[in-house]
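From first to last, the protein sequence lines are chains A and B. The first sequence begins at 1 in this note's numbering and counts up by one. The second sequence begins at 1 in this note's numbering and counts up by one.
Treat the hints as calculated values from the structure; they're not laboratory data. Just so we're clear, the structure is a prediction, and the values are computed from it rather than from any experiment. The beta-carbon is built from N, C-alpha and C at its ideal position, and this holds for glycine as well. Heads up, a few of these hints could be off.
Which residues of chain A face chain B? A few of them, derived with a C-beta cut under 10 Å, are [to be verified]:
#1 128
#2 156
#3 290
For each label pair, taking beta carbons as the anchor points, the in silico distance ranges come out as [what the hints assert, rightly or not]:
#4 A/333 - B/407: 39 to 45 Å
#5 A/206 - B/133: 55 to 61 Å
#6 B/350 - A/333: 31 to 37 Å
#7 A/301 - B/241: 28 to 34 Å
#8 B/137 - A/218: 54 to 60 Å
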Amino acid sequence: MAAYQFKLPDVGEGIHEGEIVKLFVKAGDKIEEFAPFAEIQTDKAVVEIPSPVTGTVKEVKVEEGEIAIVHSVIAVIDAEGDVADQEEDQTTTEEPASAEPVKEEKTEAKEDNKTAKTETTSNKKQKVLAMPSTRKLARELGVVITQVTATGEHGRITADDVKKFAEGGSTKSAEADEVKLLTEKTSSADVAVEHEITGTEERLPLRGIRRTIAKRMIESKRTAAHVTIMDEVDATELVAIRKWAKPVALERNTKLTYLPFIMKAVIAALRQFPTLNASIDDEKQEIVLKNYYHIGMATATDKGLMVPVLRDADRKSIFDLADEITDKAVRGRDMKLEASELKGSTFTISNIGGYGAQFFTPILNHPEVAILGVGTIKEKPVVYEGEIVARPQLFLSLTVDHRLVDGDVAALFLSQVKRLIESPNLLMMEMR
Amino acid sequence: MVVGDLAQEVDVLVIGAGPGGYVAAARAAQLGRSVTIVDKDELGGVCLNRGCIPSKAIITAGERFAQMKEAEEIGLEVTGEVAVNMQKLMDWKNSVVKKLTGGVGQLMKGNKVEVVTGDVFFNAKDAVRVVSENASQTYKYQDIIIATGSRPFELKILPFDGKRILSSTEALNLQEVPKKLVVVGGGYIGLELGTAYAKLGAEVTILEGTKSLLPGTDDKLTRIVSRKLKKIGVEVITDAMVQGGENKGEEVVVKATVNGEEKEFTADYCLVAVGRKPNTDEIGLEQIGVELDDRGFIKIDDQCRTSVEHIYAIGDCAGGALLAHKASYEGKVAAEVIAGQKSAIDYQAMPFVIFSDPEIAYTGLTEAQAKEEGYNPVATRYSFQANGRALSMNQSEGFAQVVADKETGLLLGVQIVGPEASSLIAEAAFAIEMGALAEDLSLTIHAHPTLPETIMEAADSLVLRLNK
Chain A
1 MAAYQFKLPD VGEGIHEGEI VKLFVKAGDK IEEFAPFAEI QTDKAVVEIP SPVTGTVKEV
61 KVEEGEIAIV HSVIAVIDAE GDVADQEEDQ TTTEEPASAE PVKEEKTEAK EDNKTAKTET
121 TSNKKQKVLA MPSTRKLARE LGVVITQVTA TGEHGRITAD DVKKFAEGGS TKSAEADEVK
181 LLTEKTSSAD VAVEHEITGT EERLPLRGIR RTIAKRMIES KRTAAHVTIM DEVDATELVA
241 IRKWAKPVAL ERNTKLTYLP FIMKAVIAAL RQFPTLNASI DDEKQEIVLK NYYHIGMATA
301 TDKGLMVPVL RDADRKSIFD LADEITDKAV RGRDMKLEAS ELKGSTFTIS NIGGYGAQFF
361 TPILNHPEVA ILGVGTIKEK PVVYEGEIVA RPQLFLSLTV DHRLVDGDVA ALFLSQVKRL
421 IESPNLLMME MR
Chain B
1 MVVGDLAQEV DVLVIGAGPG GYVAAARAAQ LGRSVTIVDK DELGGVCLNR GCIPSKAIIT
61 AGERFAQMKE AEEIGLEVTG EVAVNMQKLM DWKNSVVKKL TGGVGQLMKG NKVEVVTGDV
121 FFNAKDAVRV VSENASQTYK YQDIIIATGS RPFELKILPF DGKRILSSTE ALNLQEVPKK
181 LVVVGGGYIG LELGTAYAKL GAEVTILEGT KSLLPGTDDK LTRIVSRKLK KIGVEVITDA
241 MVQGGENKGE EVVVKATVNG EEKEFTADYC LVAVGRKPNT DEIGLEQIGV ELDDRGFIKI
301 DDQCRTSVEH IYAIGDCAGG ALLAHKASYE GKVAAEVIAG QKSAIDYQAM PFVIFSDPEI
361 AYTGLTEAQA KEEGYNPVAT RYSFQANGRA LSMNQSEGFA QVVADKETGL LLGVQIVGPE
421 ASSLIAEAAF AIEMGALAED LSLTIHAHPT LPETIMEAAD SLVLRLNK
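Bound conformation, chain A alone (with noise of 0.2 Å):
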């Protein structure tokens, strides 16, 4: 016998934390190798990591709903046979482990991008046991049943199973107790009006990218001071620059927006306000300025809100960008993205401008501290050297975090943006 340090491994490209989703073991149980530990959220799916040894759990280092760090100890095992040298078994046992479920994960999500199936399975033997009755009470209750942690015997899924899951019963962290609160709260406020209530409502556990993009938003709201500025944007040059050059786009199959020449102007102005292009780091009490753009591009699916990032932006032309905008958003809406793809943006843009919304308040991608809002562009009454005129307008919707970046910049740096692309002949002053 040996205590093992069990460390989380690496679950994906890059991935350095993931949610603990479901501990299927506790102190005391015994635990074969290669059977499923815990089941862990990253940012695009549910990944089920096996034990890396065969032996008795002696502590278990993290609770359900809490975030764990890779390569942190998340429990100790008491191995039978001998484990005898601890860092030499971690990069022999922990490489196969982890990469079996990251290349499961990925053909699940090819194979079936349409149901959230986000379960792994490891190996043949983990059959779902339960009843027909207890599957079609899952299937009613939108539960993945093979996410259900089994308190039957021999693995057996009962109907409670089932209906604990549902009511996310299991989790444990801080942060759970408090929706717990919300629900409990607007559960008793359901009851008070209940016979008030004529029509029908639908349950649905929240979870995976959803419940992903809940949890950034408020993260994002409770740490950053938002604070966003709105301004109109004459487009009449804009309009006619992309007119002129759809014609060329096309030859190369390319498919021209106005997106691009809108990023090559906020890089342009960000090189020149360069807190914009920034982080706080919370923990150590340090801005972090960033000398690189990579751009977040915020993307509807199905699925929800996916943010992915076209990494050096700036040394990228507007062709190219256009290319890659085009295939990370058709990529996007198939889930077929990578993880590594969707993060380590320093800017974000949002462009709502095809919903025909004008202006709004971007929420930051935290820890981001600036997003810049595209809304529509439209015709509108302006004056004009002196007379009113129709021109076209685009109207853009600036957040920044007043942590770090005061008013004052935020206008200038809006201003700048704006008149780039009034006059996106600048642009090419500005290409490198």
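Using the hints, position chain B against chain A.
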């Protein structure tokens, strides 16, 4: 649409009134939808009219006739002549079919499902045209379930003529017992009908293109059936590649290459049963973008949805196992999904039954399949020769075999060849659905003396083996 043609608006339309379609129609109606069902023929589809039911009637007649001839074995002396009156047999068979189709009619009526007769053709994503002998009507629907089934596959070199060269449809309507019958295809349809007619007195030859009868079925099971076929005088020729055939008026000559040798088989009838093909080619599916697979089956997801919204497909035309009970299961799923329920195709065990002599039935995994799936399987069997009821029925050929996982004891599959195997398999499918261990089968009291005891006994030995 023809000028002046007023489309009739319906809620749910079901095309095909077989065991998939009529079950779907009834379920959808029970769940509050208003349903119209269309079929070009009688209610009940192939199953009731030209498949399961009539074939079982003929098989039963053959079985009883054979038993009467063997009655002496158990001390019954038949003094008069036992003869087959084919006309009466067919009348009785037809009366069985009529009772059941009448029952389907009642079921439709009871659920207020409107029944329409005619050929269906899609002319839009939300409309079909139904053409009957003297009328034509367009129906616009909210949701549609395609349940058009399948039909016998025709060999180009040996096309059906309905007189001497028969598909299963005509073979179920013969007005005389063939003196000689050549069956092309040793699958379950050819085997079932070949055996039945052999028992009714025909001299039967089965030509199978592959190495064994019932391709795809565990050969431990088919071996018992092959032995019995030999006993009742059915000649089975494997590796026989049929090259063609000719209706010569009073007889039919079938040519085949057997082991590189050209051979001719003369008979008064030839039954061609070499598989079935989906009825998806003549209803205009390609026009509205419903995706088919490369064999012509409609692609569906686990909720019976096709590639086009509001269009669902179930049963044979949607591929998978071509089984009436699978069609009915999917019919319920599709109807429930249409009614807004979260149903899905979600089963662990599909029962397969073959009405050979003795019967074959199996469900779940065989030992070999279990190994492929990563289990460490153990299989044990129990012979009907040691079963009191089987012996007292004078039908003791065959065995029941139970397959379970060595580590967990989880029941993975059951294979049976023997008397009433088709009924016995129900317990096995249920046990697998419930996630039973082999031990659960062995701990369940089975009445004595009955055939199902064999399953319990096989499970018993398996448990003993696991505990060793």
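Tested hints:
Interface restraint check: residue 128 of chain A against chain B, minimum CB-CB distance 8 Å, threshold 10 Å, status holds. Restraint check, residue 156 of chain A versus chain B: the minimum CB separation of about 6 Å is within 10 Å; hint holds. Using the Cβ-Cβ criterion of 10 Å, the hint placing residue 290 of chain A at the interface with chain B is not satisfied: the shortest such distance is roughly 44 Å. With their beta carbons about 43 Å apart, residue 333 of chain A and residue 407 of chain B fall inside the hinted range of 39 to 45 Å.
Checked against the hint of 55 to 61 Å, the pair residue 206 of chain A and residue 133 of chain B passes, with Cβ atoms roughly 58 Å apart. The hinted range of 31 to 37 Å is satisfied by residue 350 of chain B and residue 333 of chain A, whose Cβ atoms lie roughly 35 Å apart. The hinted range of 28 to 34 Å is not satisfied by residue 301 of chain A and residue 241 of chain B, whose Cβ atoms lie roughly 54 Å apart. Range check, residue 137 of chain B to residue 218 of chain A: Cβ separation about 57 Å, and the 54 to 60 Å hint holds.
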